[in-house]
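Enquirer: Listed here are the chains, written in short residue letters.
Protein chains: 4
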Amino acid sequence: MVSLDRPIKFEDVDAANIVFFARFLNYAHEAMERFFAPLDGGYAGLILERRIGLPAVRVEADYAAPVRYGQALRIETSVVRIGRRSATLRYRMHRAHDGVLSAELRHTVVTTDLVQLVSVPMPEDVRALLGAHLELEQAPSSAGQPA
Amino acid sequence: MVSLDRPIKFEDVDAANIVFFARFLNYAHEAMERFFAPLDGGYAGLILERRIGLPAVRVEADYAAPVRYGQALRIETSVVRIGRRSATLRYRMHRAHDGVLSAELRHTVVTTDLVQLVSVPMPEDVRALLGAHLELEQAPSSAGQPA
Amino acid sequence: MVSLDRPIKFEDVDAANIVFFARFLNYAHEAMERFFAPLDGGYAGLILERRIGLPAVRVEADYAAPVRYGQALRIETSVVRIGRRSATLRYRMHRAHDGVLSAELRHTVVTTDLVQLVSVPMPEDVRALLGAHLELEQAPSSAGQPA
Amino acid sequence: MVSLDRPIKFEDVDAANIVFFARFLNYAHEAMERFFAPLDGGYAGLILERRIGLPAVRVEADYAAPVRYGQALRIETSVVRIGRRSATLRYRMHRAHDGVLSAELRHTVVTTDLVQLVSVPMPEDVRALLGAHLELEQAPSSAGQPA
Chain B
155 MVSLDRPIKF EDVDAANIVF FARFLNYAHE AMERFFAPLD GGYAGLILER RIGLPAVRVE
215 ADYAAPVRYG QALRIETSVV RIGRRSATLR YRMHRAHDGV LSAELRHTVV TTDLVQLVSV
275 PMPEDVRALL GAHLELEQAP SSAGQPA
Chain R
155 MVSLDRPIKF EDVDAANIVF FARFLNYAHE AMERFFAPLD GGYAGLILER RIGLPAVRVE
215 ADYAAPVRYG QALRIETSVV RIGRRSATLR YRMHRAHDGV LSAELRHTVV TTDLVQLVSV
275 PMPEDVRALL GAHLELEQAP SSAGQPA
Chain G
155 MVSLDRPIKF EDVDAANIVF FARFLNYAHE AMERFFAPLD GGYAGLILER RIGLPAVRVE
215 ADYAAPVRYG QALRIETSVV RIGRRSATLR YRMHRAHDGV LSAELRHTVV TTDLVQLVSV
275 PMPEDVRALL GAHLELEQAP SSAGQPA
Chain C
155 MVSLDRPIKF EDVDAANIVF FARFLNYAHE AMERFFAPLD GGYAGLILER RIGLPAVRVE
215 ADYAAPVRYG QALRIETSVV RIGRRSATLR YRMHRAHDGV LSAELRHTVV TTDLVQLVSV
275 PMPEDVRALL GAHLELEQAP SSAGQPA
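Chains as they are written, first to last, in my numbering: chain B, 155 to 301; chain R, 155 to 301; chain G, 155 to 301; chain C, 155 to 301.
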């Protein structure tokens, strides 16, 4: 599990004065960039030098409690599935001041050649990093997962 | 079904040169604002005058094909579930130039008192508008849905 | 002068509940994209096919009155200076509901080869479009302008 | 002078693959939030508890060199003018990897009652913090400044 503290910015809220629901995906991406920082060249090196990216094929976001300007989120990133060309990251975002879960996201990404925009086998260093943070979940029922 | 054409903006793409995955939720919200425009005062009137909002409790996004600057999305908004205090909207986003499905989102919102941040029974005009665009889906299996 | 009506989006405001100051530059860019729409292929064609862009070298923004969610801006784009490789666009953004000037921006851009990131002579079609909307201003004093 | 290191995020670039010009104002605001962090309750406390904000009345941005994903900016915030109800902050943003100046912004803000949206005399703690980082500039010529 990799942790990131993320203060809410002045501009992150919406006209209802709570963080806009789309921003949690921005936060998730920041957490993913942090997660992959140990790669040689970091996430940016993967994208810019090796031209391999991790576009999303699916996101599930559950919003549990609102968060506001002046607060912060503690984002815990782990991995719940690793496939041949894809993986699912999970982000648990708790409010720093009271520990309440604000949102939980699952983010399935596919290792992709950014020049051709086709999937490629997962690079070994990416797989190793994902594997180091794999947290298998209790299957609540038999639910089919994409391979 | 309510349709919205949305050109991709110069700033909507990311360093992989395709629209950033979080932006599709921004697009969905724009489509929802368009969907609720027939309300008296529009969506803004609901938020600002009646102080009722529609915060998300869950989003599912499936990304099928990338979209780029210079292209546009045709967003078709419909409703797949209406509960007592919640509803699920569905957004199908096709690329305008070739008709390919780029993303499909499901967005479950709860009618909420924005002052107290507690759920409230769905206002009748909101329910009527949702009902006018209800498109029941074939249940692919028995899947429990939140009430 | 080219006009664009731009409703304020739910997410455009900040924690002070008025449109965030940076968003006016986003609006200006949208207005510029609209301004250059008559080019063959539009602004996107200029960027993606001809690989010529218009990066900013200077922006001046004067904020006169706040604007909020539920309101809209009428953005009037004109040109106040055309040089050999640069031009200055002016955006006057009035609130649609009361006509009050909300912000006025000046945006100096340089015609740039996006591959090499070096300035290039202004293409003739770009120059012609700018010239069609040139509105010379009264010089309030002798103020030097970049060539 | 207060310093902030700001990595460029994956989504900060535009279709020309350089940081979008509006983002520099977002960065400036982040740097301002950092600047005012020593206030009791930080900038958020000023906004949310004391209901005093610092809306911009003018921004000048000079863009000197592009910055890209994978790079970072070192933002140096100082103060170049303090008035009775307004002040001008200056942000010098250098690229971390080569020290090249990417952008310099001047940001004039007015201490404002956020409930009434009218200017108020500058609070003493705000004035003291600004004063601690005042860096008078050489006047290149006689240029009138708003009081």
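Quick caveat, the hints were computed from the structure, so don't treat them as lab data. Be aware that a few hints might be false.
Which copy is meant is left open, because identical chains are indistinguishable; a pair holds if it fits in one copy or across any two.
Said to hold, decoys possible - With a Cα cut of at most 20 angstroms, we get these calculated EDC-like pairs of lysine to aspartate or glutamate:
1. Lys163 with Glu289
2. Lys163 with Glu184
3. Lys163 with Glu278
4. Lys163 with Asp252
5. Lys163 with Glu214
6. Lys163 with Glu203
7. Lys163 with Glu291
Enquirer: Hint by hint, say whether it matches the structure.
Expert: Results of checking the hints against the structure:
1. When the C-alpha separation of Lys163 and Glu289 is checked against a cutoff of 20 angstroms, the pair qualifies neither within a copy, at 30 angstroms, nor between copies, at 27 angstroms.
2. In the homo-oligomer, the alpha carbons of Lys163 and Glu184 lie at most 20 angstroms apart both inside one protomer (14 angstroms) and across protomers (7 angstroms), since each shortest distance falls under that limit.
3. For the identical chains of this complex, Lys163 and Glu278 are neighbours neither inside a copy (36 angstroms) nor across copies (25 angstroms), given an alpha-carbon limit of 20 angstroms.
4. With identical chains, the CA atoms of Lys163 and Asp252 are at most 20 angstroms apart within one copy only, with a shortest distance of 18 angstroms there and 28 angstroms across copies.
5. In this assembly of identical chains, Lys163 and Glu214 lie within 20 angstroms of each other by CA distance neither inside one copy nor across copies; the values are 23 angstroms within and 22 angstroms between.
6. Taking identical chains as interchangeable, the C-alpha atoms of Lys163 and Glu203 lie at most 20 angstroms apart only when they sit on different chains, with a minimum of 16 angstroms there against 31 angstroms within one chain.
7. When the C-alpha separation of Lys163 and Glu291 is checked against a cutoff of 20 angstroms, the pair qualifies neither within a copy, at 32 angstroms, nor between copies, at 30 angstroms.
Figure legend: structure checked against the earlier numbered hints; hints not met, in rising order: 1, 3, 5 and 7.
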